[in-house]
Amino acid sequence: MAIFQLLENLRPQFLKGERIEADHFRYLFNYPRLWQVAIALMATVAVVPLVCVTVFDYRVTQHALKSEILLRTSRLASNSKRSIAFFLEARKSALDFIVHDNDPEALQNTTRLQRILEDLDSGFGGFVDLGVIDDQGRQVTYVGPYRFEGKDYSPQAWFQEVVEQGIHISDVFLGYRKVPHLVIAVKYPLAKGSFYVLRATIDTGPYNRILSELEVSGSGDAFLINQAGIIQTPTRSSGEVFEKAPLPVPPYSEHTEVYETTAANGVPLIVGYAYIPSTQFILMIVKKTDQVMQAWYATRIDFISFLVVSVAVILTVILAVATYLVNSVYLTDRKRLMTLHAQEYASKLASIGRLAAGVAHEINNPLAIINEKAGLMRDLMLIKKKDALEDGRLLRETDAIISSVERCGTITKRLLSFARHMDTRRKTILLPELMEEVLGFLGKEAEYRSIEVTVDIPDDIPTLYTDRGKLQQIFLNIINNAFAAMEDGGQLTIRASRVDPDHVAVSVRDTGCGISPNDLKQIYDPFFSTKTGKGGTGLGLSITYGLIGEIGGQIDVESQVGEGTCFTVKLPLRIEEKGEAK
Amino acid sequence: MRVLLVDDEEEFVATLAERLRIRGIEADWATTADEGLQRVVETQYDIAVLDVKMPKISGIDLKAKIQALSPATKFIFLTGHGSEKDFIAGTSISEFYLIKPVQIDDLMEKLQTAAGQTGTPS
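Protein sequences appear in the order of chains A and B. Counting from 0, one number per residue, gives the positions in the first sequence under numbering that gives the first Met the number 0. Counting from 0, one number per residue, gives the positions in the second sequence under numbering that gives the first Met the number 0.
Rather than coming from a laboratory, the hints here were simulated on the basis of the structure. All values derive from a computational prediction rather than experimental measurement. Careful: at least some of the hints might be erroneous.
Here chain B is said to cover these stretches of chain A; the calculated rule only asks that three of the stretch's residues, wherever they fall, bring their Cβ under 8 angstroms from a Cβ of chain B [stated by the list, open to error]:
1) 127 to 136
2) 372 to 378
3) 437 to 449
Computed cross-link-like contacts, DMTMM-like style, restricted to lysine to aspartate or glutamate with a CA-CA straight-line distance of at most 25 angstroms [said to hold, decoys possible]:
4) B:Lys55 <-> A:Glu562
5) B:Lys64 <-> A:Asp487
6) A:Lys412 <-> B:Glu9
7) A:Lys412 <-> B:Glu8
8) B:Lys64 <-> A:Glu446
9) A:Lys91 <-> A:Glu148
10) B:Lys55 <-> A:Glu148
11) B:Lys62 <-> A:Asp487
12) B:Lys55 <-> A:Asp102
13) A:Lys443 <-> B:Glu41
14) B:Lys109 <-> A:Asp378
15) B:Lys62 <-> A:Glu562
16) A:Lys443 <-> B:Asp7
17) A:Lys412 <-> B:Asp7
18) B:Lys55 <-> A:Glu451
19) B:Lys62 <-> A:Glu446
20) B:Lys55 <-> B:Glu41
21) B:Lys55 <-> A:Glu435
22) A:Lys243 <-> A:Glu259
23) A:Lys383 <-> B:Glu108
24) A:Lys443 <-> A:Glu486
25) B:Lys55 <-> A:Glu446
26) A:Lys443 <-> B:Glu25
27) B:Lys64 <-> A:Glu444
28) A:Lys443 <-> B:Glu9
29) B:Lys55 <-> A:Glu436
30) A:Lys412 <-> A:Glu446
Every residue gets a Cβ at the ideal spot worked out from N, C-alpha and C, and that includes glycine.
With the hints as constraints, model all of the structure from the sequences given.
See below:
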């Protein structure tokens with residue numbers, strides 16, 4: 000409950016549903032909307048570039064890290080390929096050297112061959128046996144753990160390959176010992192088209208060690224396959240030797256290649272491979288993408304955390320700033336509207352004062368007559384008793400008093416009628432009648448100031464269904480302004496015309512001082528007045544503008560300095576209930 | 000004492016003139032400035048009682064015109080409510096004014112005082 004109370008206290012005032020009731024000023028601001036727009040705009044401007052930059056940086060960093068990993072894989076494959084190629088090349092070259100350095104007869108000597116095998120094994124390592132095969136494919140001499148003398152190799156494919164190409168490096172195979180090994184055979188040509196072949200069996204243990212000692216991240220793997228896709232060396236997790244490799248045989252390339260793929264179980268992989276020259280072997284380096292990208296995943300969390308924290312901070316600041324600003328505007332506006340209210344009230348009081356002065360003056364004249372007539376009657380009765388009774392003077396004076404009282408009565412009735420019509424109900428209104436009523440209060444001023452008032456409202460102007468009080472106030476304000484603008488002896492012309500089937504226009508033209516083009520732009524602004532210090536509040540036209548808007552009308556003004564001003568009010572013939580104004 | 004009353008309300012000015020006449024004062028009246036000026040041309044008045052607010056011309060302006068024709072004439076102004084400002088702005092403080100409706104005794108007193116200033120016997 001305390002949290003709800005705290006949140007309620009933090010909630011800005013403009014969101015608490017406190018409506019500013021300001022009559023025609025109420026349309027000024029929609030604060031929640033202003034607040035939402037401010038937040039949306041500021042958030043867009045601040046967050047979108049941040050997100051874009053972060054996403055861009057994220058992608059660049061990801062790409063750079065991946066490129067680095069691919070490059071490292073490529074380098075590892077390349078180095079390993081060189082080591083294995085060197086291993087095989089060294090042993091092939093050694094055999095080459097032996098066939099060139101020894102007579103064929105010497106090599107057929109078992110003791111000599113045994114010695115060579117021992118030297119090779121101690122010098123290079125991995126040599127298991129050594130045999131000399133004649134051009135018929137028959138093993139003539141053999142040193143090693145088995146007894147292969149006399150074995151005929153002529154039907155075997157490798158023998159044909161040696162005959163044709165001069166060298167053969169076999170796949171890995173188990174052989175009799177059930178130990179993985181491979182065979183290197185070199186051909187030595189003799190005179191008359193004859194030749195012999197030196198064949199050595201090599202234990203694959205040493206290069207298995209090269210591969211197993213490679214630093215392949217996590218559960219990565221490095222192994223050889225042959226061109227049929229059969230695994231040739233032990234693997235960590237890719238299968239047993241002589242099994243089909245889980246990856247397809249990659250396309251031939253002279254250079255080391257790296258590619259990304261997905262294992263059968265859906266695990267993404269980075270694979271580097273290299274064809275070992277002059278052999279059937281393909282070196283495969285397999286890394287699990289997830290494991291090698293660990294560093295990237297840590298960085299990625301940093302990226303996302305940074306983005307989330309930044310966006311949260313930005314949004315908090317934006318929310319606080321927008322709330323503070325809109326609330327300040329709301330409070331200022333409220334104060335302003337309260338001032339406007341006060342001024343409006345003062346302006347209304349001033350209007351009532353003017354009206355009261357006019358009425359008092361109107362009533363004062365018949366009152367003065369009554370006073371004099373009653374005084375005269377008294378004089379007649381006290382001073383000239385006889386005459387008064389005889390010639391009917393008293394009767395005449397009494398009639399004059401009654402007539403003056405009637406005149407007062409007419410004025411008070413008109414005032415009452417005007418006051419009664421100052422309500423806000425919509426009524427059917429005859430424009431000439433309304434204008435006569437409004438002018439009734441200004442007639443005496445016009446007479447005293449010799450202002451000629453012309454009213455031209457054609458008979459075809461239809462009745463209006465609108466707010467009578469507002470219409471009275473509108474024309475009272477405009478005509479009052481016209482009177483104030485004119486010197487004595489001016490002319491005021493009021494004309495009505497029908498502009499379209501739904502509207503009438505009423506123009507009020509004076510021959511006053513006019514309004515300068517600069518002032519013309521501001522005449523409807525609250526507190527703008529050229530009569531400052533002369534009793535002008537600067538609210539008359541602002542209020543008039545608001546009232547016209549409320550009854551669905553429009554106001555236009557034309558003015559020439561020194562010639563006069565013409566206000567034209569366009570009014571709808573009918574104003575519907577709220578929200579339906581035509 | 001000869002007094003000229005000028006006011007646009009005929010009933011008022013005629014009745015007031017009659018009441019003054021009952022009190023022994025020679026009072027004439029006019030309802031327009033032109034009529035009033037015509038009377039001044041025809042007759043020498045000791046005092047002019049003028050309404051401050053009249054159509055076309057104010058009492059203050061009429062006073063200037065009468066003064067041009069008859070410099071010795073003294074003035075008393077009649078004013079409605081709310082017109083004191085106009086009156087005070089356009090006249091000197093030595094002149095008299097009465098607020099309508101006037102009490103005949105007050106007017107008589109002012110007439111006597113004004114007449115005393117001119118030295119004309121009442």
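Output the numbers, in ascending order, of every earlier hint that fails for this structure.
1, 10, 12, 13, 15 and 26
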